[in-house]
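These protein sequences, in sequence, are chains A and B.
So the first sequence is residues 1 to 494, counted in our numbering.
So the second sequence is residues 1 to 340, counted in our numbering.
Possibly wrong hints are sitting among the right ones.
Not the full set, but computed from the structure, chain B residues with beta-carbon under 8 Å of chain A [what the hints assert, rightly or not]: (1) M1; (2) A6; (3) D41; (4) L44; (5) T45; (6) R102; (7) D103; (8) R157; (9) E159; (10) R209; (11) I258; (12) T261; (13) Q332; (14) E334.
Below, in silico cross-link-like pairs of lysine-lysine (DSSO-like), each with a Cα-Cα straight-line distance of 30 Å or less [unchecked claim]: (15) A/K282 <-> A/K349; (16) A/K282 <-> A/K142; (17) B/K272 <-> A/K282; (18) B/K218 <-> A/K282; (19) A/K198 <-> A/K222; (20) A/K152 <-> A/K142.
The set of hints was computed from the structure by calculation and includes no laboratory data.
Even for Gly, the Cβ is constructed at its ideal location relative to N, Cα and C.
Take a look at the letters that make up each chain.
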Amino acid sequence: MATSRSPHPVGDLPEAFRQYAPGDFYDEMIAADGTVRTHYRNFLRHFGALGPQEFEAKRQAVDLAFLRQGVTFNVYGDAQGAERVFPFDLVPRIIPAHEWARLEAGLVQRITALNLFLHDIYHEQHILNDGTIPPHYVMSAKHFRREFVNVKVPGDIYIHICGTDIIRDDRGEYLVLEDNARCPSGVSYVLENRRALKRTFPEVFEAGGVRPVETYPTELLKMLQHIAPHGVAEPTVVLLTPGAYNSAYFEHTYLARQMGIEIVEGRDLLVRDQHVFMRTTKGLQPVHVIYRRIDDDFLDPTVFRRDSALGVPGLVNAYRAGHVSLANSIGTGVADDKVMYYFVPRIIKYYLDQEPLLPNVPTYLASEEADRQYMLENLDRLVVKAANEAGGYGMLMGPQATAAERAEFRARIQADPRNYIGQPMISLSRHPTHCEGEGFAGRHIDLRPFILYGEKTVVIPGGLTRVALRRGSLVVNSSQGGGSKETWVLYGNQ
Amino acid sequence: MLSRVANSLYWMSRYLERAENIARLVDVNLQLLLDFRNLDDTVLTAHWLPIVQSSGDEETFRRLHGRTTGQTVTEFMVFQPANPNSIVSSVDQARENARMVRDQITVELWEEINRLYLFLHSPRARELWRGSPSDFFHTVRNGSLLLQGLTDATVVRNEGWSFIQAGRYLERADKTSRILDVRHASLPAHGAPASANQAEALGWSAVLRSCSAWDAYKALHGAEIQPELVAEFLLLSDEFPRSVRFCVDRLDEALRSISGTAAGRFCNDAEKLAGRLLAELRFSTAEDIFEVGLHDYIDVAQSKLNAIGDALFQAYIFQSFQQLEDHELRQQEEQQQQSR
């Protein structure tokens with residue numbers, strides 16, 4: 001068997017997968033002809049040896065470990081401050097080396113172009129002046145920071161940490177769904193999931209072939225130290241958290257611990273003479289680099305929102321003076337605007353003179369006459385998204401929506417076209433997932449790799465694979481019934 | 001260590017100690033009433049009012065309650081959210097502070113604080129309190145004792161530990177002195193008190209029991225209760241772990257270990273004041289105390305303890321970390337985009 005290169009017939013699937021129906025989707029594990037894709041075979045050989053009881057025992061052990069270690073997220077609107085475990089599916093998603101190489105190159109290309117774009121729109125604005133992008137789209141972007149025009153940022157880097165969301169369509173084509181250029185979260189799950197799976201299936205890892213992700217905290221710290229203000233040999237790096245009530249607080253403490261840096265809140269910091277300090281029991285201690293997990297709006301009440309209780313008065317001035325560095329820089333939110341997303345292929349072409357390696361999902365801009373017409377006529381076939389919402393909010397899933405919901409979005413689009421885009425409904429790829437009462441069944445997934453842009457650009461091999469655990473659902477967000485999977489990037493192609 | 005973290009550990013510890021002491025004080029005084037005859041309003045007021053006064057919240061109490069009865073006083077001291085020093089408020093504050101530094105304390109510690117908090121806010125707490133007050137107070141006290149044990153057994157002996165110790169002993173010294181002060185009305189303003197009559201002796205034994213000092217006192221002085229000996233024991237004993245002197249000794253040690261200063265020396269005002277107070281307690285006798293008058297002496301001691309707390313704040317914390325209304329802050333924290 002091991003010497004044979006011929007595709008495995010379905011009969012060779014482990015017992016637990018015999019009933020598995022790939023359905024009318026792109027299935028990550030099983031090809032259309034019912035054969036197991038080559039890069040899943042090694043895994044299945046080990047995994048198939050597991051009896052159902054053994055699997056159940058392993059599953060429960062992992063869940064319990066997560067709960068005990070507090071690998072959780074906070075649920076908003078819960079008076080008890082309840083925390084939930086992010087559901088974790090034991091069947092890993094596997095990406096062969098040649099696919100990853102393309103993804104990696106595409107992601108590096110994208111973040112490079114976006115950084116050039118941000119530098120340009122905050123300085124000379126060539127891309128606007130020559131009409132490649134209509135200026136009004138940038139000027140009207142909710143997160144465009146006029147205050148930062150002509151401000152030099154360290155190393156001209158705007159996006160240091162990016163968590164791009166990637167999906168696969170019904171033909172298995174990788175597409176970029178959105179760029180998260182502000183505070184992408186989820187990397188702590190990548191690391192914790194890997195630890196859990198290593199404990200659960202040590203034999204699979206011993207067999208080799210899976211690229212490690214554990215270097216992420218080291219790479220992150222290296223990048224943060226790299227962007228330290230000029231002349232600071234041993235910079236003090238801190239992580240600025242909104243506080244214990246934030247949904248990602250676990251991740252903040254986790255990353256700070258892994259990097260061995262202090263986790264601070266706004267009230268721990270103060271600015272004197274345009275230098276930032278933290279208040280410690282041994283007095284004020286200088287701070288040089290801030291990995292901030294707070295939105296621009298809340299960073300500094302003297303510049304942005306006055307009612308911000310999370311920020312540090314004077315921080316923006318210290319940043320402007322070059323005495324403290326921020327990751328990500330201020331003003332990157334403009335790249336998260338879904339209207340700007342539409343222009344990214346153009347942006348790549350403009351700055352790098354390259355074709356995009358990773359295509360966008362086809363997108364219609366409601367503020368363009370023809371596009372709007374098309375959107376309004378095809379609301380029942382499109383996904384409509386607000387330009388500046390995230391987490392699955394502010395969205396219309398046309399084919400599944402009621403007539404009333406569609407009418408509401410029609411009105412919204414007509415009232416404020418700048419704020420809406422439309423996309424065809426993409427049938428996300430599916431992956432065998434253990435489902436309560438169903439055994440292994442196909443569930444839709446996406447992928448969020450994490451990209452670090454410092455002295456060099458590093459893409460952590462893997463990322464967070466999110467899975468929509470509800471049958472038929474396309475929404476993978478943790479707030480709406482999503483779970484996660486391990487993501488394996490192989491050294492080879494099988 | 002971040003000042004905010006030190007501040008939270010210190011207050012977490014203080015509030016837990018506070019809740020435990022109030023539980024003991026109210027419990028003992030409820031039981032004491034069982035020994036009284038002719039419980040009219042005057043007797044009840046005379047019994048309960050000093051307890052409210054000892055907590056320093058008489059004004060708040062008068063605003064909330066017209067009459068001073070066991071019912072109103074216990075409600076005020078146990079459940080009333082409007083009383084910042086009630087048991088429920090204290091545990092709320094302890095939990096809030098623990099939450100702020102969750103990543104710095106052990107899981108066991110957090111879970112236990114959370115358990116105590118959830119218990120006090122459950123209908124079970126009221127039911128238990130109505131059905132068997134003594135069991136209720138027992139639960140609160142044991143919760144606090146368990147937390148102290150967990151702290152001793154699981155917390156690393158670093159700076160944070162020293163702030164926890166400082167908070168605990170400062171609060172305990174303050175509370176012991178306040179409990180002792182409850183019965184001062186039966187004493188002459190100055191000079192040695194006469195022997196206590198039977199009813200007074202009951203009051204003084206309640207004082208001892210409120211400090212868990214009854215057995216220790218009996219072992220030392222026998223069953224006869226003398227106000228002078230009680231005061232000496234609770235203020236000056238160098239062996240009883242709730243006496244003011246013992247607590248100030250530990251406080252002094254905790255403060256010096258934060259800064260790494262040797263015994264008998266100081267490097268900030270908190271250490272200076274704690275060292276002075278300790279020396280004074282070490283070289284005092286019951287006679288010295290009654291010459292000043294017990295109430296006045298305790299009054300002065302309490303302001304000295306407050307001064308130590310203020311100096312500690314000045315030395316390490318610098319600024320108040322209580323700024324916004326909690327819900328407002330929380331709302332903003334939750335609002336932060338962490339695209340997931």
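Against the structure, the hints come out as follows:
1. M1: This hint holds: B/M1 lies near chain A, its Cβ roughly 5 Å from the closest one there, short of 8 Å.
2. A6: Check passed: Cβ of B/A6 comes within 5 Å of chain A, closer than 8 Å.
3. D41: Hint violated; B/D41 Cβ to chain A Cβ min 40 Å, cut 8 Å.
4. L44: Nearest chain A Cβ about 37 Å off; hint violated.
5. T45: violated, 38 Å
6. R102: With Cβ-Cβ at 6 Å, under 8 Å, it holds.
7. D103: holds, 4 Å
8. R157: Status violated, d = 16 Å.
9. E159: holds, 6 Å
10. R209: violated, 36 Å
11. I258: Check passed: Cβ of B/I258 comes within 7 Å of chain A, closer than 8 Å.
12. T261: Check failed: Cβ of B/T261 comes no nearer than 14 Å to chain A, outside 8 Å.
13. Q332: holds, 5 Å
14. E334: holds, 5 Å
15. A/K282 <-> A/K349: violated, 53 Å
16. A/K282 <-> A/K142: violated, 41 Å
17. B/K272 <-> A/K282: Holds, at about 18 Å.
18. B/K218 <-> A/K282: violated, 46 Å
19. A/K198 <-> A/K222: holds, 26 Å
20. A/K152 <-> A/K142: Since the Cα atoms of A/K152 and A/K142 sit roughly 21 Å apart, the hinted pair holds (cutoff 30 Å).
When each numbered hint is compared with the structure, violations occur for hints 3, 4, 5, 8, 10, 12, 15, 16, 18.
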